[in-house]
Amino acid sequence: MTAYRIRHTASRFLIHLMLAGGSAFMLIPFFWLLSSSLKAPHEIYVFPPKWIPDPVRWSNYREVFEVVAVVRYTANTMIVTLFSTVGVIISSSMAAYSFARLRFKGRDIMFGLILSTVMLPYVVTMIPVYILFTRLGWIGTYLPLIVPDWFGGPITIFLLRQFFRTIPLELEDAARIDGASRPRIFAQIILPLARPALTVVLVLSLLYNWNDFLAPLIYLHKRDMFTLALGLNALQHFESGLDWTHYVMVLATLMVLPVIIVYFLAQRAFVEGIVLTGLKG
Amino acid sequence: MQSSPAQSTPAAQTDRGLRFFHRLSFEETFFGWLFIVPAVLGLLFFRLGPVFASLYLSFTKYEIITAPKWIGFANYTKLVTDALWLRSIEVTLWYVSLFVPLSLTCAYTIALLMSRNVRGITSYRTLWYLPSVVPVVASATIWRWGLNPEFGPINYPLKVLGLPAPRWLTDPDWIVPSIVFIGLWGLGNSVLIFLASITSVPRTFYEAAEVDGANLWARFRHVTLPLTSSIIFYQLIVTVINSFQVFGVAYVLFVSNPSASSAGPDNAALFYVLYMFRNAFGYFRNGYASAMAWILFLVVMLLTIILFYSQRRWVYYETEGGGS
Numbered sequence: 001m002t003a004y005r006i007r008h009t010a011s012r013f014l015i016h017l018m019l020a021g022g023s024a025f026m027l028i029p030f031f032w033l034l035s036s037s038l039k040a041p042h043e044i045y046v047f048p049p050k051w052i053p054d055p056v057r058w059s060n061y062r063e064v065f066e067v068v069a070v071v072r073y074t075a076n077t078m079i080v081t082l083f084s085t086v087g088v089i090i091s092s093s094m095a096a097y098s099f100a101r102l103r104f105k106g107r108d109i110m111f112g113l114i115l116s117t118v119m120l121p122y123v124v125t126m127i128p129v130y131i132l133f134t135r136l137g138w139i140g141t142y143l144p145l146i147v148p149d150w151f152g153g154p155i156t157i158f159l160l161r162q163f164f165r166t167i168p169l170e171l172e173d174a175a176r177i178d179g180a181s182r183p184r185i186f187a188q189i190i191l192p193l194a195r196p197a198l199t200v201v202l203v204l205s206l207l208y209n210w211n212d213f214l215a216p217l218i219y220l221h222k223r224d225m226f227t228l229a230l231g232l233n234a235l236q237h238f239e240s241g242l243d244w245t246h247y248v249m250v251l252a253t254l255m256v257l258p259v260i261i262v263y264f265l266a267q268r269a270f271v272e273g274i275v276l277t278g279l280k281g
Numbered sequence: 001m002q003s004s005p006a007q008s009t010p011a012a013q014t015d016r017g018l019r020f021f022h023r024l025s026f027e028e029t030f031f032g033w034l035f036i037v038p039a040v041l042g043l044l045f046f047r048l049g050p051v052f053a054s055l056y057l058s059f060t061k062y063e064i065i066t067a068p069k070w071i072g073f074a075n076y077t078k079l080v081t082d083a084l085w086l087r088s089i090e091v092t093l094w095y096v097s098l099f100v101p102l103s104l105t106c107a108y109t110i111a112l113l114m115s116r117n118v119r120g121i122t123s124y125r126t127l128w129y130l131p132s133v134v135p136v137v138a139s140a141t142i143w144r145w146g147l148n149p150e151f152g153p154i155n156y157p158l159k160v161l162g163l164p165a166p167r168w169l170t171d172p173d174w175i176v177p178s179i180v181f182i183g184l185w186g187l188g189n190s191v192l193i194f195l196a197s198i199t200s201v202p203r204t205f206y207e208a209a210e211v212d213g214a215n216l217w218a219r220f221r222h223v224t225l226p227l228t229s230s231i232i233f234y235q236l237i238v239t240v241i242n243s244f245q246v247f248g249v250a251y252v253l254f255v256s257n258p259s260a261s262s263a264g265p266d267n268a269a270l271f272y273v274l275y276m277f278r279n280a281f282g283y284f285r286n287g288y289a290s291a292m293a294w295i296l297f298l299v300v301m302l303l304t305i306i307l308f309y310s311q312r313r314w315v316y317y318e319t320e321g322g323g324s
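Line by line, the protein sequences give chains A and B.
Using the numbering used here, you'd call the opening residue of the first sequence number 1 and step up by one each time.
Using the numbering used here, you'd call the opening residue of the second sequence number 1 and step up by one each time.
Just so you know, these hints were derived from the structure itself, not from any lab.
Warning: the hint list may mix true and false statements.
Stated by the list, open to error - Computed, partial: chain B to chain A, Cβ under 7 Å:
#, residue
1, E28
2, I36
3, A39
4, G42
5, L44
6, V133
7, A196
8, T199
Said to hold, decoys possible - 30 Å max Cα-Cα, derived BS3-like pairs, lysine-lysine:
#, chain 1, residue 1, chain 2, residue 2
9, B, K61, B, K78
10, B, K78, A, K50
11, A, K222, B, K78
As the list claims (entries may be wrong) - A few chain B residues facing chain A, derived, Cβ under 7 Å:
#, residue
12, L43
13, V51
14, P131
15, F151
16, F205
17, A209
18, G213
19, W217
Backbone N, C-alpha and C define an ideal beta-carbon position, used for all residues, glycine too.
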């Protein structure tokens, strides 16, 4: 029995070692990012790497505002993220309610069609959609980034529909006997009960839009319209003749920080969202 | 109360009974369609419509200013002789063949390890998933310096130990492996999905196997693996499809503007979508780029179909039709 115990403890230890080692690999880049953002540029390029900046240059975080339009980029990103998220939640939850609860001819066909586009690569639709927005004169505005979200997202619809189906029918029937209309049932019974699912969708949509790079890259060309993703990309390619690596690191930190905070606050929703979108197969 | 004809089966009677109470009403149909109007319009204008529009465009010469001109298969025949397009295929396939097996086996192994260790599982899960929430631009930024051959923290231990330190993002042979490496940093996503599926395997299955004297390997081979095979299969499809569409990392690291004519030394970072993007938004060759998009689309569809047909051989489904 002791031999078994020893082997058991040893294997436990090994597992911990591997998982902890991996966790370090996952975390070091964050540490490196933060540390570089507090260094002078010449201290980033040294061998061996200096892990703790000395001196700590907090001034980088003040100076970056003079070099890049941080406030502007952040505000732009927030506008896009906010309006897209509100849109995708409203339009998708409506459709999801209809698909989950109302019976009408053609419902299953429409749901099947929408579901079939979950795997559709963005790049296949990218060019015609761009042409459509060119015709509408929307290039260089936030509309191409926001408007599509007001027309439902396949994954969001699917997730919410699955959740709506778990809400007991009796609640809805009781409301109907009291004479509540469908829109009222949807707004006052289904939506409040679906808060956990809506949180998942909310968090995933916030993350997606905050991080998105390709769509802003296609549609936004003027610097003062840039989102953080575009600003961060542009700063790295900006030929100033000076070494701005530390400012790049500051901007990256500022972009990542809110994401990490939301991630830790809404971890459960994140994990659930990933697992739900991943397990649907 | 109406009674149904005698010849109908009990099941049909129930069905009819239900229909009696929940008859398809005008009210339901009206609101049903009303609520899905935005989603249906989105389907038509942002998904299905564009798929067919890009098929049409792929047979035309179209540079936005003039009307699309029908040129038959000219775009497709031109692609075959386009050295850069062939290069982009080479780069992308090299990436897919490295990233897909590596990321799936690593993620699955880690998920297995995590599932063995109940204590601390949540903190490990949190930490491993963290890089997956980082925006692609930021992760490219981080790794541009992280993989710096002289001063980066990755080459540091290799140099200290006197091991050969790769030139990562500056060596054409190492560019794709570097991007694979960066991709593996975001492994947590697959780990989480695998972990959820592994931990949902009922305990009783393992207990039964143990009673039968199955050792660790046998329990994995005959219980865990078959019961998680449908998720492995699904992850395989998703990873392959996503790997064909690498764009952001390569763009941030190697391209400074849409019409830049190179992507890394020796075009070693010229991923398929990058080249397509350059043609569409750098050169405004929309017909040509649409042809590329459709070839990618066909490949993705074909792969999905092949995987779906082959899954019967190796994917185990516990129950048939367990309700939707």
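Results of checking the hints against the structure:
no.: 1; hint: E28; in the structure: 5 Å, holds
no.: 2; hint: I36; in the structure: 5 Å, holds
no.: 3; hint: A39; in the structure: 3 Å, holds
no.: 4; hint: G42; in the structure: 3 Å, holds
no.: 5; hint: L44; in the structure: 9 Å, violated
no.: 6; hint: V133; in the structure: 5 Å, holds
no.: 7; hint: A196; in the structure: 4 Å, holds
no.: 8; hint: T199; in the structure: 10 Å, violated
no.: 9; hint: B:K61 with B:K78; in the structure: 12 Å, holds
no.: 10; hint: B:K78 with A:K50; in the structure: 52 Å, violated
no.: 11; hint: A:K222 with B:K78; in the structure: 34 Å, violated
no.: 12; hint: L43; in the structure: 6 Å, holds
no.: 13; hint: V51; in the structure: 6 Å, holds
no.: 14; hint: P131; in the structure: 5 Å, holds
no.: 15; hint: F151; in the structure: 5 Å, holds
no.: 16; hint: F205; in the structure: 18 Å, violated
no.: 17; hint: A209; in the structure: 18 Å, violated
no.: 18; hint: G213; in the structure: 15 Å, violated
no.: 19; hint: W217; in the structure: 13 Å, violated
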